[in-house]
Amino acid sequence: MIESSPISIVEIGGTLVATVGGSLDDAAALRFQSDLAERVAGTQAGGVVIDLSAVEIVDSFIGRVLADLSAVARLLGARVIVAGIQPAVAITLVELGLTLSGIETALDTEQGLARLGIRIDG
Amino acid sequence: MNEIRSLTETLRAERDDALSAWVRLFSDEMGREDSPDPEDFEVLYDALITVVGTERWEEQLAAIEAFARARVAQGFSPDETARMVGTLRTVLFERLGGGEVGDLLAISRLLDRVLRILFEAYVVARDELIARQREDLLEVSTPTMQLWDGIVALPIVGTLDSRRAIAVMESLLNKISETGSGIAIIDVTGVPVVDTLVAQHLIKTIAAARLTGARCILCGIRPQIAQTMVELGIELRDISTAANLAAAFSMALDLRGEIVTAHEGSTS
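These protein sequence lines map, in sequence, to chains A and B. Those letters in the first sequence? Residues 15 to 136, by our numbering. Those letters in the second sequence? Residues 4 to 271, by our numbering.
For the record, the hints were derived by calculation from the structure and aren't laboratory data. Some hints could be false.
So, partial list: chain A residues that the calculated Cβ filter (under 8 Å) puts toward chain B [to be verified]:
| # | residue |
| --- | --- |
| 1 | 58 |
| 2 | 100 |
| 3 | 104 |
| 4 | 105 |
| 5 | 108 |
| 6 | 119 |
The beta-carbon is built from N, C-alpha and C at its ideal position, and this holds for glycine as well.
Please build the complete structure, drawing on both the sequences and the hints.
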C-alpha cells in the first residue's frame, strides 16, 4: 500500500516538501494527512510546502482534507504553503466553494520555499 | 398517384418555356438590369420535378435544402429568394391554370414548403453567425497580458455574464501559470455595471488566482459603481484595490520590491 502511494515527503533544511502525484483518491488523501502530521511532529519542521502541480482532478473531499491537514500542521507549529495548483483545479475548488482562504499559496515549490525563507541558488 | 405522375410530366414538358418565363418575370419584379443566373432557376425547378415525382416527397427535400443553403452562402437576400419562389408560383399557375385543381394545390403546398425550408435556412445561418461572433468576441474581449516580469494584467471590457466570467477566469489563470506571475491586475474600468452576480464572478476569479499562487489587485472601479457595490453590501474586504491601472501597477512593483527610476537626462 505504501509503495503505491502517489505522495512523497522529503525534508529540506527544516522544511518538509510533500509532492502529490497524479490522481489522489480519498484513502490516499487521508493517509497523506496522517503521514504528514507524523512527519511534522517527528522532524519538528517549521514549514511545509505541498506541491500539487501534478494534480489534475480534485473533488470536495480532497479540498476539505487539504484545509484540514494545513490546520493540523499549523497546530503542530508548521507554516503550510500549497504550491502549484493548476488553473483547472483552482477553478474547480472555487466552484465547489472551497477557496481555502486560511491556506497560503505559491506558484511553485521554489517560490513556496522562498516564502519560508529558503532560497535555492541557481 | 396518376395525378402526381401527370403533374411531373407536365412540369417536364413545360420546363424550358416555364424557366424562361420565370426568369423574365423574376427580372421584371426585381427591376434589375442584369439578368440573374439561370442555373439557380434550373436547380430549383429540377428539384421540384424530383420532389413532385415521388409520393413520399417529405423525404426527398434534401435537394431543396441544399439549394436553400447555397442561396444563403452566396449572400442572396431573403426577399430576393422568396420572390424567386413567388414568381415560380405565378408562372406555374398561369401554365397549369386549365389543369386539375389538385395539381395546383400540390404545387402550392410544395412551394410553401420550399419557402419554409428557405426561411429555416436563413435563420439557421444567422444563428450560426451570431454564435461564431459571440465566440470571437469572447476571445477578443479576454486578453490577459504581461506587463512586467511576474506581473500580468487583465482589462475587462463590457458586461461580465456567466459565460464571459468563466472565459475571463480561464484566460487569467492560464496566463498566470504560463508566465509564472505572482501578481495579477484586474482592471474593471470597462465594466459598465457591477451587480452582486458580477461581484461574485470577480471574487471567484480572485480566489482561484490566489489558489494558483498569484495575488490579485483590482482596479478601475468607478465612483458610481463603488457606491452601488457598497449599497449592495459588496465590500471586497480581503482584496487589494487601486484607483486605476497606473496605481495598481505601481503597487505591484512595490510588492515585488522593484523601483523604477527615470533615466538621467531624460527629456520627458
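Outcome of the hint check:
Interface restraint check: residue 58/A against chain B, minimum CB-CB distance 26 Å, threshold 8 Å, status violated. Given the 8 Å rule on beta carbons, the hint for residue 100/A holds: about 7 Å separates it from the nearest Cβ of chain B. Because the beta carbon of residue 104/A sits about 4 Å from the nearest beta carbon in chain B, less than 8 Å, this interface hint is met. Taking 8 Å as the C-beta cut-off, the interface hint given for residue 105/A holds, the closest approach to chain B being about 5 Å.
Hint on residue 108/A holds. Least Cβ distance to chain B is approximately 4 Å, under the 8 Å limit. The closest approach between the C-beta of residue 119/A and any C-beta of chain B is roughly 5 Å, which is under the 8 Å cut-off, so the hint is satisfied.
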